[in-house]
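Taken in sequence, the protein lines are chains A, B and C. Numbering follows the UniProt record's numbering, in which position 84 of the first sequence is assigned residue number 84; successive positions increment by one, without gaps. Numbering follows the UniProt record's numbering, in which position 159 of the second sequence is assigned residue number 159; successive positions increment by one, without gaps. Numbering follows the UniProt record's numbering, in which position 69 of the third sequence is assigned residue number 69; successive positions increment by one, without gaps.
Just so you know, these hints were derived from the structure itself, not from any lab. Be aware that one or more of the hints could be misleading.
Said to hold, decoys possible - Selected chain A positions facing chain C (Cβ under 7 Å, derived; list incomplete):
| no. | residue |
| --- | --- |
| 1 | Val86 |
| 2 | Pro89 |
| 3 | His106 |
| 4 | Ala108 |
| 5 | Val123 |
| 6 | Ile127 |
| 7 | Leu143 |
| 8 | Asp147 |
| 9 | Ser148 |
| 10 | Met150 |
| 11 | Leu152 |
Using N, Cα and C, we set each Cβ at its ideal position, and we do this for glycine too.
For reference, the chains in residue letters:
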Amino acid sequence: MNERLLLRLEIDELNAGYAAALDERRFDDWPGFFLPEGLYKLQARENFDRGLPLALIALEGQGMMKDRVYGITQTIYHGPYYTRHVVGPAQVLGEGSEGRVRAQAHYAVFRTRPGDASEVYNVGRYIDEIECTPAGLKLASRLCVYDSEMVLNSLIYPI
Amino acid sequence: MNERLLLRLEIDELNAGYAAALDERRFDDWPGFFLPEGLYKLQARENFDRGLPLALIALEGQGMMKDRVYGITQTIYHGPYYTRHVVGPAQVLGEGSEGRVRAQAHYAVFRTRPGDASEVYNVGRYIDEIECTPAGLKLASRLCVYDSEMVLNSLIYPI
Amino acid sequence: MNERLLLRLEIDELNAGYAAALDERRFDDWPGFFLPEGLYKLQARENFDRGLPLALIALEGQGMMKDRVYGITQTIYHGPYYTRHVVGPAQVLGEGSEGRVRAQAHYAVFRTRPGDASEVYNVGRYIDEIECTPAGLKLASRLCVYDSEMVLNSLIYPI
Numbered sequence: 001m002n003e004r005l006l007l008r009l010e011i012d013e014l015n016a017g018y019a020a021a022l023d024e025r026r027f028d029d030w031p032g033f034f035l036p037e038g039l040y041k042l043q044a045r046e047n048f049d050r051g052l053p054l055a056l057i058a059l060e061g062q063g064m065m066k067d068r069v070y071g072i073t074q075t076i077y078h079g080p081y082y083t084r085h086v087v088g089p090a091q092v093l094g095e096g097s098e099g100r101v102r103a104q105a106h107y108a109v110f111r112t113r114p115g116d117a118s119e120v121y122n123v124g125r126y127i128d129e130i131e132c133t134p135a136g137l138k139l140a141s142r143l144c145v146y147d148s149e150m151v152l153n154s155l156i157y158p159i
Numbered sequence: 001m002n003e004r005l006l007l008r009l010e011i012d013e014l015n016a017g018y019a020a021a022l023d024e025r026r027f028d029d030w031p032g033f034f035l036p037e038g039l040y041k042l043q044a045r046e047n048f049d050r051g052l053p054l055a056l057i058a059l060e061g062q063g064m065m066k067d068r069v070y071g072i073t074q075t076i077y078h079g080p081y082y083t084r085h086v087v088g089p090a091q092v093l094g095e096g097s098e099g100r101v102r103a104q105a106h107y108a109v110f111r112t113r114p115g116d117a118s119e120v121y122n123v124g125r126y127i128d129e130i131e132c133t134p135a136g137l138k139l140a141s142r143l144c145v146y147d148s149e150m151v152l153n154s155l156i157y158p159i
Numbered sequence: 001m002n003e004r005l006l007l008r009l010e011i012d013e014l015n016a017g018y019a020a021a022l023d024e025r026r027f028d029d030w031p032g033f034f035l036p037e038g039l040y041k042l043q044a045r046e047n048f049d050r051g052l053p054l055a056l057i058a059l060e061g062q063g064m065m066k067d068r069v070y071g072i073t074q075t076i077y078h079g080p081y082y083t084r085h086v087v088g089p090a091q092v093l094g095e096g097s098e099g100r101v102r103a104q105a106h107y108a109v110f111r112t113r114p115g116d117a118s119e120v121y122n123v124g125r126y127i128d129e130i131e132c133t134p135a136g137l138k139l140a141s142r143l144c145v146y147d148s149e150m151v152l153n154s155l156i157y158p159i
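Turn these sequences into a full structure, and let the hints guide you.
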């Protein structure tokens, strides 16, 4: 079978596991989808398209991610909400640095606040560099480029 | 090829067929996606997460499903609407009881009422037990856990 | 491996590339997803279901598509917006005319206007006839059947 298609299936699996962990609020599992020195960045499309550096959040390494998880679960005061990720099939873009794979996938995240209807929360795409490790595929970096510069309230949980 | 990935592809296919049948209003085909004694349950996440039993609807076996289809097509008086399911790639979770497969997938269902714009209707995840039969994959049980306890009007058609 | 599943993976790939080209505003790439004489049609479900011919837009061949791209990028005066396609796994329906493949996929397109939140824009399904060519899969025809007869403002960019 075609190597690229097989790889894509594994990336879909990574994305499904990632989405499930977040939506089921297993936040402690989230940093484990990255390499120890992995990068997570959340950036508005407007800035991304212009090559501007400003990002809403940028976490370098699992340490910063764990700190963020501590923040969202223990210290940040915010209105509670559920998220639901629906991620489309991934697209393998080619080879990245150090033998890594470059891939992307479109996502829609829906938000549900207690007693309220579900609504569109954040849509965009994941732009990833992925490494094949003995423990499976891991994100060397995930850049979430979201379409709307207008964020409903605030983005507490990872996208 | 990896067994699990192959299985996942077949589950995606099951989900796509299921979604197409509902959205194209071929409701009579719907019970056929289940085993004769299959279970369909629609439950708010709030109750599911707390382990509470209350479900919005629970149908045990194709007989009850056919009865429900009769209801929604012949007897229930309700405002008409279209549905559109967009289901993400499935995730194989492991082995269930009796050699069945446990899997889940995130879904978003959009509703369109005549003369109105499309809107987010119901988002959540399918939690399935699936059996491989000579006639293909069949749902031994499908539990639809939806995020919003607030339902727009009422849920007439299956999710 | 099952031929049909393999084909489906390639169709998913086609759809992901198609969506990425549109959402990244690489409109000049769009006609290249079709055969030179390919057909693109955008039709409300109401008309499609009744077998009525009226379509919102119908482009026959890459020439008309290029003209449309010229229109949307150079001449049509309209409020700017981003699109984001989330397309579910495709469903191979069978063999079409001339050895082509008939397939369909459900899609949701979200719109984001500057300074505004993302919103549901157009949901429906792609009904495709696809040809295997030396340059990969190409659309002999793509019929986009959308659920809402009520279009937010106007549909400028391809779906």
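Which numbered hints fail: Structure breaks hints 6 and 7.
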